[in-house]
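Please construct the entire structure, taking both the sequences and the accompanying hints into account.
Protein chains in written order, with our numbering: chain A, 1 to 175; chain B, 1 to 738; chain C, 1 to 480; chain D, 1 to 282.
Treat each hint with caution, since some may be false.
[Said to hold, decoys possible] Derived pair list, reagent style DMTMM-like, types lysine to aspartate or glutamate, alpha-carbon separation capped at 20 Å: (1) K337(C) with D264(D); (2) K64(D) with D413(C); (3) K252(D) with D730(B); (4) K16(D) with D244(D).
For the record, the hints were derived by calculation from the structure and aren't laboratory data.
Please read all numbers here as calculations on a predicted model, not as lab measurements.
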Amino acid sequence: MSKSHMLALFTDFDEASNAIRELKASNLPGFNLKDVTLKSPIEHPEIEELLGKRPVYVQFFTLFGALFGSIGGFLFISSSQATFLLQPKGGKPIIPIPPDMVLTYELFILFGVYITVLGFFIGAKLPMKRHKLYNARVSEDQIGILIKAEDTAMPAIKDLFTRHKALEIIGEGSK
Amino acid sequence: MSESGINRRDFLKVLGLGGSSLALTGCGNTDIRSGDELVMPNVHPEDFVVPGLSVFYASTCTQCGSACGVMGRVREGRVLKMEGNPESKISGGKICGLGQAAVQVQYNPDRLTQPMMKVGGSLQPVSWDKAMALLEEKTGPKSGINGEEFAFMTGAMSGHLKVLVENYLESLGSKNHYVYEALSPAVSFAAYKQVYGVDMPRLHFDKAKLIVSFGSDFLGTGASPVHFAAEYAKFRKAPRGTLIQIEPKMTMTGANADRWIPIIPGTEGVFALGVANQLLKHEEFAQSVPSDIVTLVAKYDPETVSSITGVRSELVGHVAALLWEKSPSLVISGASVEGHTHGVQNAVAIQLLNKILGNVGKTLDGQAQSPFPQIAPNAGSFAALKSVNDGMGSGKFKAVFIYGANPVFTAPSFMGLRDNLRKVPFKVAFVNAVDETAEECDLVLPIYTAVEDFGSHVAWYQPEGVEITMQQPLMEKLYSDTRSMGDIMLELVKQRRADEYKAWPDFLSYLKTAVVNIKSAVKYTDTDEHFWYDTLSHGVIHVDAPQQQIGSNFSSAMLNLPATADPQDPKFPFYLVPSERHYFRDGRHANCGWLQESPDPLTTIVWDSWAEIHPKTAESMGIKEGDYLEVSSQNGTLKVKAYLFPGIHPDAISIPLGQGHESLGRFAKGVGVNPFKILNPVFEVNTGELAMYGTRVSVKKTGESEIVVKDEGPVSTQMGRKLVVTLPADVAQLSKEI
Amino acid sequence: MINTFEDREVAVEKRFIRKEKDIREDIAWAQINKDVLKSLERPRMLFWVIFIASLALFMVGVACEIYQYQTGMGVANLDNPHVWGLYIGTFIFWIGMSHSGTLLSAILHIMHADWRKPIYRFAEAMTTFSLMTAGLFVMVHLGRVWQFYYVVAYPNERWTWPNFQSPLVWDATAIFTYLTSSMIFLYIGMIPDLAICRDNATGFRKKFYTFLSLGWMGTDRQWANFRVTYLTVACFLIPLAVSVHSIVATDFAVSQQPGWHISSFPPYFVAGALYSGCAAIITLFIVLRYVFRFEEYMTMPILEKTAKLTFAIAMVWTYLNLVEYASTWYGNDMYAKQALIYRATGDYAPYWWMMNFLGSVVPFSMAFKRVRNNIPAMLVISILLNVGMWLERWMIVSPTFANGIYPWTWDHDQWPSMIQWGIVAGSFGWFNMLFMLFCKIFPSVSMYEVKEMVYHRSIHTRETEASSINQELAVEGAAS
Amino acid sequence: MSITNLLNNWSFYRNKRPYRGQYDLNRQYSEYKWAMALDLDVCTGCNACTTACYAENNLPVVGKKRFQHGQVMHWIRIERYWDEKMGEFPEKGASFLPMMCQQCEAAPCETVCPVGATSHTNDGLNSQNYHRCIGSRYCSANCPYKVRYFNFWNYPSTAWPAPLPDQLNPDVTVRTKGVMEKCSFCVQRLNEAKSRARTEYRLVKDGEVSPACVQACPTSAITFGNIVDPKSKVAMMWKNQQVDLYKDMQEKDNTVRGYRILEDLRPFPSVMYMERIRDMEA
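The structure is reproduced here in structure tokens:
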């Protein structure tokens, strides 16, 4: 059996969330809550909750970046000082701790930020091609629910959406 | 001359003999100007010339009259630096900044590189043949010139070049050798002559416990500054001597004094007599001088002295007391004492103290008697300039040669020397660079600088024995179109004495013969050749000669000092102190960047002239630093910036000499003002010398103002920092030091 | 007496207009897009005036720099020992300027102060561009700028490294970190808006925005990652910003020179940085509000809040400033004390006093609501404050050189040459040029965040209003 | 590689200069430590040292205007101070102070140079690497003595009109615009002497080499040498004057003249000055 996509656009956010709630409740055959994607102009933590746990892993990238930056940074600086014996500085040891700490701190932040952002791109799957059922109004003021389900389940879902006064329902076939 | 070098064997022999690490003459280097300078110039170097290693040639510094033995550091055929020659008793291996600047004279961008001839009022380059032809025509045998019509003006000279010059004059049947030095020691010579019967006694600074110096800047501009500085250093070592300086304007020596006493210019003699007065109160001293002097001196009680000299009366007794307790002592006089109508009397009065204190023979005795009078130095005098000027003015002279002097720059304007010089039909100048005098001449001949030429010198102040310092080229001539003064003179002599001088193709051979003659005097046993190279490699010949016996005759007649300071002229209330800068002297080396940029020790001013005025006086006249002042005498006006200087008598204005050139080159031209110009016709009565310090001036604010360019910052004290710490002499324990 | 539904509506209406809001809550989202996107199309004439003027100014600076590059630093009329001048002073100024962007977006973001939303975008842009300008000054200041890369720790065959002990190297690292991080922060925060631009643009611009928006679709997954990332980077940026200006402060604090060797310098510098930054935000706020017709979004209440913030920081700065003087005075170190006295009485006295006046007295004018709500007044004040802060940096650098430890080399005559002034002026041109370009190309008001703001606020007010009405009804019901 | 040897001798890397025994004859770290002793009592302020330095180190003559702008390049300068409580006249004369780079052991300039262009040599000199210098001028800003001089102009093209370049010392480079320079204790002479000594399997003898200023000084006010060698004159003078290179505060008798300028800033200078003496009875 083949699966297909369908996008429903709502103006009323409450209706949209109700629609999702109902989808969740009605365990239709051939339909899985995981296949629901919410598309919104602003972030809707409260609605996202309805979609169940969808974990984010950015923090772990951050942790790695920070550790790498600080440890690697200090090792890099101190070892380069250690290999550069030709020009000692009067009044200071070859490897002075306070200055190295300052630099370590900077590198800790530098890599922390970089790798966090890397994590973001990976986690958010950016850059990506837009889905063919993307609608510009989503970026304006409407909320879109994109679902993927068995063709058999489609009519039921469609009429569920219409009940929740979806402005427009775009199926894969239509347009 | 560059061909008359040494062959290899000579060199080896000489090393064996000389045994010194100093290398030999610079002959044999190819011309560094030829071809690309990137190519190492020594195409056929001497064996000892290793590329990349310096070779040191001994020679003599001719920047001033003290004839220090120096060494030139030579790399790849170029002299790079002047350093002291340790074998020279005069320099003792040390050197002053003026001596350092010899290389900048050599490489001066404004050097004259070819003969110049006056054509239609301006100097045009000519070939040497033309130039010499002209000389022949004007002064040669066929010119019919007689000795009376010819004058040769030189600076102070010594050694064999002097001999040659005099021989030339003699061949012309002329006696007109005028030796002129703008800052000549003639007056002090005269005074010493009167008192001790010698021109210049030997001064033992190191032996003295107390030196009382009346305006003698022996550290800066004295007879032999480098030598005196070394002696001064010994004098300051344990047991540390005390230096008292009495002068109208603080000199470098005064800045190092333990006590500096400002005094009205010209009254130093009176102060000395005042001190004598105090000293004679001690009965030991009572018998030391003739009775007539005792009576004369009796007049000078502290109050009188104070009223004349403007020095607080107790200081007279103070100085006397110090002289009394610190013995042996040394009392000396300097330019600011001698440059007055009664300069000789001043100096004599000061020497009287030595007599009273019995320093004569202890800290002050005779120099060695030079066995070679013909090469002995002749110190110049102003009298010479005067007679030349008169001769030129009266049209007596048909031809004038000028060498080593720049009278147009140094002669006061009242003499009208420039115009008189123009009256002379044929004027020849021998110079390194075109100066004010050369500008006026009909023929200007470019000669070697001191570091390109051979020569021999004898200083008129000899530390011990007689030191003949040899001058040899430190490098090949820089410009192919320049010639050795000696060669030129020899050629001129040959005009009339060809047969007598035919033995000598050039001055080098002449000098060699002459020097070799000295061999016997120094008990040198090896061959002449060796003696010659030995001499050159060591740079000095020491002749131990008998010491001159110095008498000491004083009479009250020598001491008739004016009863007051020179009469005040209300129109010109200030005493002008034309101070001598230790690196500028009479200004002949003003075109050296190093000297221009080396700050004046006391004012730290560079690249300029200035008028030192006491802050108190300045305040009363509303003068601030940098204000332009008009300093006028009867004979002219100078527009010069004011510098507020505490080390000067409130009634005096001091302007340094040596600047204010209208010619001479890019570093000197138009920098500062020339105080020589405004000097009044005041003369020393005994010698007829110009009384340099006898000029009165008036000072007027112009209203203009400009920043004074100096190294000193906005503050002149240490602002509480511990930078220079001063320790009282009684606390210090120099004897325990290393 | 409320008894009908209509009456209730009226009552709600009344309460709506009673209090002035940061932003109108009934503003349509489509309208927001429209208004902001308009700023990318046709700004007022003034925009072009400013842009051209800045360009010209920048050109002046470039000319001066070329001359200095060819001739040597001497043309700046610096000397020994007065080796630093306006370049370093202005460098600090620009670094300082960059701090408020972070303050507004990061700190306020963490503190959920949502009134920042309409204005943080251009504040962040300001951060980035002022950092770029500061970077220029490091270059301009170098005697051999063509060798600047020696400061970078790049591996090379000789194993020579920069001197990691030098505060200048710390500077280089910190500024690099800060510049890149704040650029990333700016960009990440802009992605949803870029998507909006993409959806509304056509032709070349569409390609451009499509590329930049990385195919953002606003899916729940994207939003979730976005939320976390944005928060994390913000958390990084705050300590970073503090560290950057502390390090700039150590350039002076770790040296031995009187007037620099002061332990309170790092906080003092940071306060000064936030201060000048906030003042700059006010200036640009007013300019953008007019130029791009942002009256709807950059509203008076927001301006007032910013003004209050600036005033608070001004007081902090004043305090630290006085602490510096006091500690120098009571520390009674001869060198430092002399330097301080010299600043107050010497050749720089007029500027020093003006700095203190502008920095500590002028801000009090913002204590008055009337002033805070008067746009021209705020424009003038904010500019005055920045003049004061610029003077402060100059007064830190120059007097110490003119009156340092070593009296012989004191130098009271030095005055910056026209070249120095020209380059300083040029830097302002450069900054304005970049900033104006940015505002023309990218949405300088964050559309999606304004939407959030409107959304949440409207919900909030609706609830509060409703509850309060109910209470009243209850009360009245009891009465009757 | 680097990390392992970093761990191996961590203590060595943590050793803070100057430490006692850093310089000694049996080659702990270096058997040379050049130092000076300068007797202010015999310094007459004659500027011979300054001119010698110009000649030896190719210092440019900057001219009046640039001198006024404070862009003069004299590596050694003679300072002239009047006494703070001077009456109407400077009756005790002036105080002259030759000031050149003090070659500090804990040099404030070294730590702040971003590119490590100035740093410490094994024989205790404060070296300046012209090729590495990028002209940030931080070293000058942090130098308490202000003895660092910056090339504000391209002097090689202006300061030596031909044929003056022929005088330039080939052992010393001519500095271009935009680099910092300072007194080097005539390092070119020191290196020549050291290599000469090395070829003869010996150390440099005392008095074998001296900087241009020392050599010129007519009063021999400056003594120069290797302070590591206890028999060298300079070492004996330091000892005799009770000045210890490794101390930042000397406890010494008040009769002793030795001191180091601005010692309280703890730069550990290598130049010892000896107090000027004045006869207060005079």
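Against the structure, the hints come out as follows:
1. K337(C) with D264(D): holds, 16 Å
2. K64(D) with D413(C): Holds - the C-alpha atoms of D413(C) and K64(D) are around 15 Å apart, at most 20 Å.
3. K252(D) with D730(B): holds, 17 Å
4. K16(D) with D244(D): holds, 17 Å
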